[in-house]
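Asks: Based on the sequences and whatever the hints tell you, model everything.
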Amino acid sequence: MKKVMMEKDALEKRLLEAEAKLRQKDDCLQRETEQSRSSVEREKKLEREVTDLRAENATYKGIVIAERSRLKRAYKELLELRLGKAKTLAKRRIEQAKSGVAHAEMLQKRWNN
5 MKKVMMEKDA
15 LEKRLLEAEA
25 KLRQKDDCLQ
35 RETEQSRSSV
45 EREKKLEREV
55 TDLRAENATY
65 KGIVIAERSR
75 LKRAYKELLE
85 LRLGKAKTLA
95 KRRIEQAKSG
105 VAHAEMLQKR
115 WNN
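Going from the sequence shown to the numbering used here is simple: count from 1 and add 4.
Honestly, I wouldn't trust all of these hints.
Stated by the list, open to error - So the derived label-pair ranges between C-beta atoms look like this:
| id | residue 1 | residue 2 | range |
| --- | --- | --- | --- |
| 1 | L33 | K6 | 49 to 55 Å |
| 2 | A62 | R41 | 30 to 36 Å |
| 3 | E51 | K17 | 46 to 52 Å |
| 4 | K7 | V44 | 53 to 59 Å |
To be verified - When the alpha-carbon atoms are kept at most 30 Å apart in a straight line, the in silico DSSO-like pairs for lysine-lysine are as follows:
| id | residue 1 | residue 2 |
| --- | --- | --- |
| 5 | K25 | K6 |
| 6 | K29 | K17 |
| 7 | K12 | K25 |
| 8 | K80 | K95 |
| 9 | K65 | K76 |
| 10 | K17 | K7 |
| 11 | K65 | K49 |
| 12 | K91 | K80 |
Keep in mind that the hints were calculated from the coordinates and are not lab data. We put the CB at the ideal spot given by N, CA and C, even for glycine.
Replies: Quick look at the structure:
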């Protein structure tokens with residue numbers, strides 16, 4: 005009877021050890037599953053962030069292209085303005101020169117008379 009009790013105790017001890025190992029492996033598997041899940045979630049989050057950044061980058065590229073176009077137009081208008089002002093200034097100086105020549109001729113006629 006004592007032998008049977010000892011065997012029973014040994015079996016119970018082995019059963020408890022096996023259950024403890026099983027719980028340990030189950031906990032480990034659970035942690036790995038949670039880590040895997042959180043890793044997948046992190047990966048999805050990063051993919052969303054990359055997609056958002058690409059969209060934002062595309063928006064900024066569009067803005068830059070539009071601004072370059074606007075800047076080119078502004079430079080062209082400025083150049084046309086400068087050319088126009090230069091043309092106007094040249095005409096004014098020609099008129100001043102003509103006026104100066106006419107004035108000089110008039111003065112010369114006065115002196116000669």
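Asks: Each of the hints needs a verdict: does it hold here or not?
Replies: Cross-check of the supplied hints:
{"no.": "1", "hint": "L33 <-> K6: 49 to 55 Å", "verdict": "40 Å, violated"}
{"no.": "2", "hint": "A62 <-> R41: 30 to 36 Å", "verdict": "32 Å, holds"}
{"no.": "3", "hint": "E51 <-> K17: 46 to 52 Å", "verdict": "51 Å, holds"}
{"no.": "4", "hint": "K7 <-> V44: 53 to 59 Å", "verdict": "54 Å, holds"}
{"no.": "5", "hint": "K25 <-> K6", "verdict": "28 Å, holds"}
{"no.": "6", "hint": "K29 <-> K17", "verdict": "18 Å, holds"}
{"no.": "7", "hint": "K12 <-> K25", "verdict": "20 Å, holds"}
{"no.": "8", "hint": "K80 <-> K95", "verdict": "22 Å, holds"}
{"no.": "9", "hint": "K65 <-> K76", "verdict": "16 Å, holds"}
{"no.": "10", "hint": "K17 <-> K7", "verdict": "15 Å, holds"}
{"no.": "11", "hint": "K65 <-> K49", "verdict": "24 Å, holds"}
{"no.": "12", "hint": "K91 <-> K80", "verdict": "16 Å, holds"}
Violated hints amount to a single one, hint 1; each of the other numbered hints is respected by the structure.
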